[in-house]
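Chains as they are written, first to last, in this note's numbering: chain A, 1 to 374; chain H, 375 to 820.
Where hints are given, some of them may not hold.
[Stated by the list, open to error] Output of the computed footprint for chain A on chain H, the stretches with three or more beta carbons under 8 Å from beta carbons of chain A:
(1) 414-425
(2) 433-443
(3) 453-464
(4) 476-484
(5) 655-669
(6) 701-712
Honestly, the hints are just simulated from the structure, not real lab data.
The C-beta atom is built at its ideal place from N, Cα and C for all residues, glycine as well.
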Amino acid sequence: MARRLCSGNRMVAEGALAAGCRFFAGYPITPASEIYEVMIRELPARGGMALSAPDEISSLCYCVGASLRGLKAMTATSGPGWALMIETLQYALMTETPVVIAVVQRLGPSTGGATQGAQGDVWLAEFATSGGYTIPVFSPSTAAECHDLTVHAFNWSERLRTPVVLLSDKEVGMTTEVVDDVLAPPSVVERAGFSGGRPFLTYGFTQPEEVPAFAAVGGEVKVAVTGSAHDQQGRLRKNAPEVIEVLRHLERKIEAHAETMALVRPDLDPGAPHLVISYGITARAARQAVAALRREGVRVSLLQPQTLFPIPRRALDGALAGVRTVFVAEENLTGQYRAVLAPRFGGKRVVGINKIGALIAPGEIIQAVHTAEA
Amino acid sequence: MAESQYLAPDAKLPYCRGCGHAPVVRQLSRALARLQLPPRSVALTTDIGCVGLADSLFPFLHTVHTTHGRSTAFATGMALAEVVLEPSGLKPVVMIGDGGAMIGLLHLVHAAQLNVDVTVLLHNNFLFGMTGGQHSALTPLSFTTATTPGGNWTPPLDLVALLRAAHAGFLARQFATDTTLDAVIAEAIAYPGFALVEILELCTAYGTRWNQLTGSALKEIVARQGYQIGRLDAETARPTLRELYRRERPSRPARAAAPTADQPTALSTLAQEVRLVVAGSAGERVQSAAALFCRAALAAGLFTTQKNDNPVTQGTGFSLAEICLSPNPIEYTGMENPDVVIIASGDGLKELQANGTLARCRAETLLLVDAELDLPALQGRVLRLALRRAASPEHAALAGLAAWLALSSVLPPAAWEAALASLPPERRADPSEALQISQRLVKDLG
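Starting from the given sequences, assemble the full structure and let the hints guide the process.
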């Protein structure tokens, strides 16, 4: 098998190209800049538009505008830029506009540590909307996962007409590693276009979980886009029950696909008393720790959610069955994902393995399991 | 196409009596009729505020009602997409107020710089109307608003002048009541790049209520601010963005960016993982030496990871790379206990002290250190090599890595040859020489 050396960031860009991305607007920020640079170098030659925006707000607005016009679009940033994009993320959600945002996490808060890794933006990625709507979030742990999860991010964004976050981090993004040359990416999904036969409604659905057929601004049928509370026609309405139906639909269409969107890497030992849950960069340490523990004869399972949100409930509940102690390893201070999963842990003992400013080492996970065994 | 193809004939305009927004809406409809634009080729993009009510009045146009100040940016996105699509003739037209213009100022500036095909109708009534008459960045001096009860004391922004500085291709300033406004709007829309028409009007809910205004109030404000009315100086002859992008965009990737794949050439005998740190000075090819080394490891069928670090300024101080080598896929990439440490310069030494790497060395750690450096007491086996003197500072890091290979023989020479062959021919000679030098240095160690 031919192999090559690639960074996670490079693989995000290649995944985007494989997914049919035709529009990229970016603004420099460590540790995400490489995605921006690769797209600027490679997208125009493939017939797409890649350009530099004057700030992160503009980056995402340009992407949303281009997506409304019908192009698959992406931007890439890190915590400080993501903070600026949240207004437009909400607009994309409300207007049911597909767009992918690659957030390459670094140490926060604020400008924090530009060249230090972190997994501290889980809450900021997911709980970024007024009303608390579910934003699909995918989290890669390797360069190869960066590629495939970017394709998935585009696919779900297009299929569900919703913004999707690819939540990477500095260590995954900027580390060069060996990648198989030929990756078989997931098959590419196109957004379902309006095919006529009935009057077009910009936000039309019969059942709340349905995804409205898309028509591009500039096309044959009139499109009425709005970020304000609206009916299915896209008309601003107050006190109309249909407006509430549209809002419920925004969540329902995500929820209805939660299980098909759920990607996990399970490595389960049925009957093991311990389950380690980890994602992103820390999942790598967890894989190494679990292998070492098993060599010692400790029975332990591992679950790496690649889809962080919607929570992969079925896989999680399956992995939790029969387990006495759950370990959640993540590179943040307060256990952001652990807190989100907590309601599903029932009465099990829960151990958070958390750290900031440096990678969680396999030894720290091993030690936590040993301590729980003692 | 008749005007009724644009503005709904029975449209009830939702504006206060005397508000300037109403005539602008009618004049826009007339302008579109003048141009005979198919309704589906207009994307009416409205901002927040009373101007944002306009989209519902145009049932046949595409309408995009946006967030505050961002209307220009969303319209720019649509127009940018249009550049790489088959031309559909789409014309985004932005309706924005003076409040939105300031919060979204950089979107206006960048749209003008890009010369993107967007027309902005700036409704300047000197205040935020919908929220209760607060002053904006475009409020004239002495003007009374909800938030300037004693009269405005910050001078107003001349947005047109600012956009001229941003190389806007079309600029105009009119009164909302001008009978020729439709013709000016039509010209702006027809212009194939960025166009802005500032339309001066008074808010009858707040502007006229709180200020002693005569019938010629707007003209007095214009005179006081030294504003011109009508078509204004602009860079009309700029190329369109479509022309520019097609001309300037690279027809193929500017650099050979895609890393090429290698089939292993000669397999390494490495049996277990090795972790190396190589540290030197910025500008001395430390990270590119590490990349070449990883390339050789790849050619030898190994797995490898490379992580770089340097000060944020990049061009000064230390430069460092952490490398894992393994016969198996690598999971954890941390460097708690390096097996090999290569120190090519004083900057590198200082950083390895500061980041704790040296303190984490163990008795079995091998340190290959430039012979000229003053060393503190170190854990590990230290070998001093004349890396900088023999191989030049620029290749000291590479010589250090090559020296370790000469000592350990983990990479077959053919793997190095393959890595060197991946470099452009003109860049092969020096690394090749550095390799030979390091072999000699190792031999001299005995």
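Structure-based check of each hint:
With 3 residues bearing a CB less than 8 Å from a CB of chain A, the segment 414-425 of chain H meets the requirement of three and the coverage assertion stands. Note: the segment 433-443 of chain H has 9 residues with beta-carbon separation from chain A under 8 Å; the three-residue rule is met and the coverage holds. Interface restraint, the segment 453-464 of chain H with chain A: holds (9 residues with C-beta to C-beta distance below 8 Å; minimum three). As drawn, the segment 476-484 of chain H meets chain A at 4 residues by the rule of a beta-carbon pair under 8 Å; at three or more, the given contact holds.
Only residues whose C-beta sits within less than 8 Å of a C-beta in chain A count toward coverage, and the segment 655-669 of chain H has 3 of them, enough to reach three; the restraint holds. Coverage of the segment 701-712 of chain H by chain A holds in this model, with 7 residues showing a Cβ closer than 8 Å to a Cβ of that chain against a need of three.
Checked against the numbered hints given earlier, this structure breaks none of them.
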